[in-house]
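S.K.: Single-letter residue listing:
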Amino acid sequence: MDKRLDFGKLTLGTCYYPEHWPEELWRSDIDRMLENGISVIRIAEFAWNKFEPEEDIYDMSFFDRFLDVAEQTPIKVIFCTPTATPPAWLTDRYPEVLNAFIDGTLIQHGLRRHYNYNSPVYLEKTADIVRRIARHYGKRKCIIGWQIDNEFNCESTEFYSESDHYAFREYVKAKYLTLDKLNEAWGTAFWNQTYTDWSQVYLPRPTANGIFNPHQQLEAKGFWSHSVREYCALQSRILRENIPAGQFITHNGFFGHLDSHAMTQESLDFLTYDSYPNFAYVLDFNSKNPMKDRAWSWNLCHIRSISPVFGIMEQQSGPNGAYGGGLGASSPKPGQLRLWSMQSLAHGADYISYFRWRTSRLGTEIYWHGILDQNNRDTRRLAEVKQVSKDLEKLACVKGTDYEAEVAIAFDYLDDWDSENDGWHGPVGRKSQDSWFDAMQKAHIPCDFVYFSDDCTAESLRRYKLIVFPDAAIVTEMASELLHDYVREGGTLVIGPLTGYKDENGLVPMTDAPGPLRDLAGGITDEYTFVSRYDDEPEVDLNGTAVPAPLFNEILIPETADVIGTYRDGVWYEGKPAVTRNRFGEGVCIKCGSAFSEEAVLSVLESEGIASPLSGRVDAPQSVEAAVRGGVLFLLNYLGAPAEIKVSGKANDLLSGDTLSGTVTIPPYGVLALRDWQ
Amino acid sequence: MDKRLDFGKLTLGTCYYPEHWPEELWRSDIDRMLENGISVIRIAEFAWNKFEPEEDIYDMSFFDRFLDVAEQTPIKVIFCTPTATPPAWLTDRYPEVLNAFIDGTLIQHGLRRHYNYNSPVYLEKTADIVRRIARHYGKRKCIIGWQIDNEFNCESTEFYSESDHYAFREYVKAKYLTLDKLNEAWGTAFWNQTYTDWSQVYLPRPTANGIFNPHQQLEAKGFWSHSVREYCALQSRILRENIPAGQFITHNGFFGHLDSHAMTQESLDFLTYDSYPNFAYVLDFNSKNPMKDRAWSWNLCHIRSISPVFGIMEQQSGPNGAYGGGLGASSPKPGQLRLWSMQSLAHGADYISYFRWRTSRLGTEIYWHGILDQNNRDTRRLAEVKQVSKDLEKLACVKGTDYEAEVAIAFDYLDDWDSENDGWHGPVGRKSQDSWFDAMQKAHIPCDFVYFSDDCTAESLRRYKLIVFPDAAIVTEMASELLHDYVREGGTLVIGPLTGYKDENGLVPMTDAPGPLRDLAGGITDEYTFVSRYDDEPEVDLNGTAVPAPLFNEILIPETADVIGTYRDGVWYEGKPAVTRNRFGEGVCIKCGSAFSEEAVLSVLESEGIASPLSGRVDAPQSVEAAVRGGVLFLLNYLGAPAEIKVSGKANDLLSGDTLSGTVTIPPYGVLALRDWQ
Amino acid sequence: MDKRLDFGKLTLGTCYYPEHWPEELWRSDIDRMLENGISVIRIAEFAWNKFEPEEDIYDMSFFDRFLDVAEQTPIKVIFCTPTATPPAWLTDRYPEVLNAFIDGTLIQHGLRRHYNYNSPVYLEKTADIVRRIARHYGKRKCIIGWQIDNEFNCESTEFYSESDHYAFREYVKAKYLTLDKLNEAWGTAFWNQTYTDWSQVYLPRPTANGIFNPHQQLEAKGFWSHSVREYCALQSRILRENIPAGQFITHNGFFGHLDSHAMTQESLDFLTYDSYPNFAYVLDFNSKNPMKDRAWSWNLCHIRSISPVFGIMEQQSGPNGAYGGGLGASSPKPGQLRLWSMQSLAHGADYISYFRWRTSRLGTEIYWHGILDQNNRDTRRLAEVKQVSKDLEKLACVKGTDYEAEVAIAFDYLDDWDSENDGWHGPVGRKSQDSWFDAMQKAHIPCDFVYFSDDCTAESLRRYKLIVFPDAAIVTEMASELLHDYVREGGTLVIGPLTGYKDENGLVPMTDAPGPLRDLAGGITDEYTFVSRYDDEPEVDLNGTAVPAPLFNEILIPETADVIGTYRDGVWYEGKPAVTRNRFGEGVCIKCGSAFSEEAVLSVLESEGIASPLSGRVDAPQSVEAAVRGGVLFLLNYLGAPAEIKVSGKANDLLSGDTLSGTVTIPPYGVLALRDWQ
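Chains as they are written, first to last, in our numbering: chain A, 10 to 687; chain B, 10 to 687; chain C, 10 to 687.
Worth flagging that the hints you see were computed from the coordinates, not collected in a lab.
A few of these clues could be false.
Same chains, same names: a pair is fine if it fits in one copy or spans any two.
[Stated by the list, open to error] DSS-like mimics (lysine-lysine), calculated; alpha carbons at most 27 Å apart, straight line: (1) K585 / K342; (2) K585 / K182; (3) K190 / K403; (4) K395 / K585; (5) K148 / K12; (6) K451 / K474; (7) K655 / K190; (8) K148 / K342; (9) K12 / K150; (10) K655 / K85; (11) K12 / K655; (12) K18 / K474; (13) K182 / K474; (14) K342 / K395.
Let the hints inform the model, and build the full structure from the sequences given.
M.R.: This is the structure we're talking about:
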């Protein structure tokens, strides 16, 4: 897939809510944006009542007035469909459009995202309002594109309304055709769950202990993803039919129980993301500490795997976050707003839209700050935005280019959903994923993510020297084929414990693990054990060094593979094979029996000859992130202290215009963009 | 307001439940109370079925028999209305009288306070039973007064029954008249919440993430407070119409979502309080540690702000508490029962009624101990009660007198309710309030509380040299006027961060903070930041000393004010104004940009010339509380170890009768009452 | 009662699910079991749909085919009634058979145990299916016995369906006959809870704070226990009427709110238990650390008190446990499977059935491992099972013999249920129970448990030198009589704090504690205090040594008793009586005023002359458990390190066949079975 954004140049934008402010402010706000380097605004995503204040009564005048003002200026507009927040009259008259908790309690008007994707009434109301808006505003010359709804599956990733139960039944009917097949796929022989009539089939419902049939639960997640995709496709079709050809269609966000790859492929021109790195200081991301906001680089890798060049529809520009608890983050410190903008850009963003122009006076987001505070005074952050706009001019050469990486971490939606409720799969997989990301971050080795979604091709994998699929309990048929091709043609594949343990329904086959990857791995798993918190952490002798073997240990039986790691003293399986390396076709497959530690990752990278792009050029501390895009080496200092680096030879810093060599100090939260090495 | 209790002399009482014990015990119980210095009992607050065992069938004989016995003795009686616990027949036949959780689940018969204040049926049943009881028992000569219901809003401070939703709709209709005004007040432009028909308006209902429109939520709390006040007023009116003029009307408790000032003003002769200091050892009051039961002095200040001379309707007299978890407090140690009684008295209580005579054999309160245990043996606690009764005779001179303080901490109900759900306002405000209380406790500086409720007058503020309004996110028009008058006429006002940040609906105005107090503060706020747990705690150079600047830091822009504190090294706003002092009229306003630390409080108190009444008279450790009432200096030792103090000159201790001078030891949990200094 | 299992010899079995596996595997699975020493299988407990796939359509062919295969081999079968998991058609058509949460939310199809025991429909469907299965399969020669349902009250111990409310009302009607008596028993005079019509009576329903009338709550638990017993008796009667005389009837499990003693007495030939010692490493059993899996010896004592010789219906044979969270236990280490089998055997199990043959491929138990993994390879665990089968042959002499103990810990169901929700009774009782078990484990003093259930006799108590009733808040009339007899005839009784504090309804009588045991104790309790976490832990001078006096301290007033322990310095009741010893008849009663510490237990055991069976024979570390059964001394090493013991004289180890003397090393997880001392 090449669903990439192209605005013609690196561009800054902001999110604006005309409905929150006096009309008298509109023009001065837009002028002030333009003066500070902002040339695009996004509007209208929560404004249904400004189009249809009462059922079947339409009034387009409010945004007409606003667009009239906008069109007196060079500002460009991304217009939104307003379906994320149905009006009070709609949910009050048609409660069937509401989402429900698993116990059936309806989620009512008062926040947002309280609707479900399957109510016939809501689908009809959605089609109507989207069609009317597209037809009415689509011809406006200031509009460059459209955002569908807002942050699908934020707040809620599970849906249990009557409409959802009904649609789920139809969905599995269409998928399995017979109850026998459904019973087999859901393993209903277990605990007498066999269904004998379609009317007995529901989404998961309350159980005594909150644990559910895992296969049914996995099915539900696939269904929820399907529901969003259908809903997005509905809007996309209507928009396409009613807007001029040049306007793009996008959506913002990357949330749970949604195959965003498939959705983008089906319905969007590219994906955008809402990036709030400071949440790292509110939520708890232990493994990313002390470089917590680098967790957002992880997020950006996900987005880039969908749209290699993407947009940030909401880039944090002030203190966060929601009205309720968990607000303990400080305001972005001087330089951080720019740092996070550069983080987005280095990872592939050509459009950065700050959220939001001015902080809300109203509702649950009075602390979800924008560039300006409610008092409308010029802020330090506004000046920093202006600086970024100037930086972008200096970085024009990276526009449209790809992030460069030799290594990719592989993901699979089905596998990911399966891991959420599984007490082994989840922790083991996450531990391995985190070790890979963290180790590569610290070693300054850029990486991409790849997803075994419909848009994944052998070709897209072939560009990587090494692919690791660290959490591969479910290896789909597609993933297996792609990986076989990849290794056969010379790639290096790394896999971890529990690989191939389950089938696509989450059932455990009677075959030996790693199941479909057995020939790649060149061996099987004999026995395994979780590592209890009462056990000392085991170690593996890997390539001659002791590395930790955390959380889960498999004893391997090599068939064609070589043993390159064995368990060390202190466990009863001491000396048994822990890591193997197998030649397959032109390539190699490394199978690790324990969850990955950072040390194990570094050992594998080294032995397989993966080096940092800094190698031979720059010595930099771990606190500095390295990224290469369009031939430019970005160095980002996430700490509030200066970072000292050593440059071998000379290079130009596009941002400062200086030629750098020898010992160089990056200021707190500072960024270098190096090119033209000599 | 001067809603003060006057029983003619300092008086002891107890709570008694004739319905729990054999009638044969009644007379001996009363005789034994009288022998031990108890002259008043409270009865009948949970005894509806003893008046109306079945619907419309009335039988007053039970309490007639009891009162006959009582009237054979000098005991006096406080009679209660029994509405806190509707009978089973009532809730079973009329489920609409029940309260509900937010999801609509009804709260059923089996505990207490399961009714709602708005059901027409319950209002009718209430009026009927109160009228009948008042008429029947009001003429009894032993009755000196009435308690309405029991502990309004204990157990539940939120109400979501159908009756409440309906009454709420009527309440906002009457308040706003038009939906436009409601939409504006509730900020419904945010997230498309606009209401277009009154039928769409509800109390908060379930949302996806449990966060609600904060303005609607604030409205709901005002409504709940209003509901209790109306309910109390209903009972008060009926009582007044049906009881003799000399009998007083009171209520006991101080719970959430209730403006107790207004309720007292409207419906009561004075307020009483239920004081259980040992809960400090069950619940967690970190900031009050290691003098945990002094948290109850804080509570008593609240009560005193309503009724300068008040009563303790329930004073802890044994081990606490409820049947369920959290019972880890030890029995009151020898002296503690007397200490807590003196704490109440020193803070303004002229009536102390122990809860309860004898511990319940039944129900959820078998561990909520009284003076006697269930075995009815004489206890150590009974002897201590008798001692207190003798102490009261020695302290007769303080009867009816006021607690003496030069400093007041200001509160506002609306502001307080707003802080409950707000991730910034709440923690920042509480931190500042706690620092003020703790610092003054440790420095032996008595303080009062003042509330900007309807009964607050400029006159009542004028008696304080210094008023601090530490949590003032919402400054109502009334508060602003009173504070302007206060400072103009020579008072010293201290305010903290976030002052004036919100309007009375919880919306953020576009004006610069501190909004209505800008002219008092003599400046505005430029920028602010939460202090993250990942930041080092900043400091301020205040009056020449470094003091901590915890939790929240505002950078101030003085206009007419002087800068008396600046941020120190270690933050990016180093050297920027943190604390300012402004002359306004005859007075002064100090604005502190950070949450208050205890150190900052002490610095301000010193620089503004506020001294302890111990100054020049007594040296005492922090563990001893100082209070002055009616010219008598109380020194209370909360620790289980002796406290050594030094007395300059001589003073008489009213309790021991000794003249004290030089080094004096207060025994563990001991109390001195000093007067007649020489 | 002597409800003991007798299979003719020590026997191994396993749990098998023919419905989970291809029919082609059946024969080879059975052959492989037999080869490895397994001679019994349990089947069909979750297979209702294999008998009645649709309502009133019966098809017995599936298990006929399976039993045909089984009968080609010597394998024996325990057949189950399938009522633990009603089919989808049943719950879908008759939702009244479902259990409900307290708020009325139904617990739906999808897990197990979602039915209630009181729905007339479910009782009818149960009777029908049990009758048909018993008639059809009962004549099969391979069947040796029946298991009724599966693990009653696992997952849910509370039942709030409409059927339960209704049945509860009938239950209390039958018990109390009049509402007056119910009102008295439930203490409804408290908080006006008086019932005036039976229709007002329910099981506990939602209250504002989740606390309920404790007497009603206690009644509910008795009712739930009664419901299970009736349900089990129904099945037992039908089975008895329809199966051959030689086949036994049993049930597996020991869960909450169920008097398993009474149920076994009424309906079963013996009880079996499901033993998963590795859960000690998942759940948190602090007090049993670091010998966590010895917590399961505690569990086995409970089972043995019902069936002195019992069976393990499910013995852990692989990694555990459920699909959801909390899975952090490691796989059984080499030797642990055998160790846990020997633990079961030493405590009285003559039948050990491993759960399960092969790990499930389906559902929530894909991690609840069996002997084999899903891949069907021979495992280390299978070899260990085979070794156990050989061990059993060497231990044939213990078959049918009793565990030998001089000390018994007494329990009472009513008392136990009362403790669950009581913030004093619960923690105090559990602390004392744990101290007794732990101290005796560490001192190698075997103990039995005795329950004051209907089957308890004076005779059964008389065999113990010392009985401790450490948690005796409720002393029933039966318990009182038995204990009086026991002491009168020469036994030594030890009781702790809060003894006799409540009556059988959980009401507190006006008598002095310990109420019915006052004459045994030879004194009463004056005053008491919880020991707060803010207090230093008090000590008692007991028999001349200082021992900790944790959690709760009573000051005793001896009447005829001697004081053998007094409180030490540091508490205000220093020097007051803490422990007394009273002669009564031929025996002795020791009353301890504080919760028991391990040190206090050891002091009492020593002063009362209770010695370990190791005494003079073996010196062993605390990590080794000692158990004596049929004259054989078992020594079990629970640690992963060798344990060194010293043997005085000589003894034969039945397992190794060696004669041991002097210093002997037990390997990690190793077991000795010593006999024939010289």
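S.K.: Does each hint hold? Answer for all of them.
M.R.: Against the structure, the hints come out as follows:
| no. | hint | verdict |
| --- | --- | --- |
| 1 | K585 / K342 | between (51 Å within a copy, 15 Å between copies) |
| 2 | K585 / K182 | neither (47 Å within a copy, 67 Å between copies) |
| 3 | K190 / K403 | neither (60 Å within a copy, 50 Å between copies) |
| 4 | K395 / K585 | between (60 Å within a copy, 24 Å between copies) |
| 5 | K148 / K12 | within (24 Å within a copy, 70 Å between copies) |
| 6 | K451 / K474 | within (19 Å within a copy, 59 Å between copies) |
| 7 | K655 / K190 | neither (63 Å within a copy, 63 Å between copies) |
| 8 | K148 / K342 | neither (42 Å within a copy, 72 Å between copies) |
| 9 | K12 / K150 | within (24 Å within a copy, 69 Å between copies) |
| 10 | K655 / K85 | neither (43 Å within a copy, 77 Å between copies) |
| 11 | K12 / K655 | neither (38 Å within a copy, 76 Å between copies) |
| 12 | K18 / K474 | neither (31 Å within a copy, 64 Å between copies) |
| 13 | K182 / K474 | neither (43 Å within a copy, 68 Å between copies) |
| 14 | K342 / K395 | within (16 Å within a copy, 63 Å between copies) |
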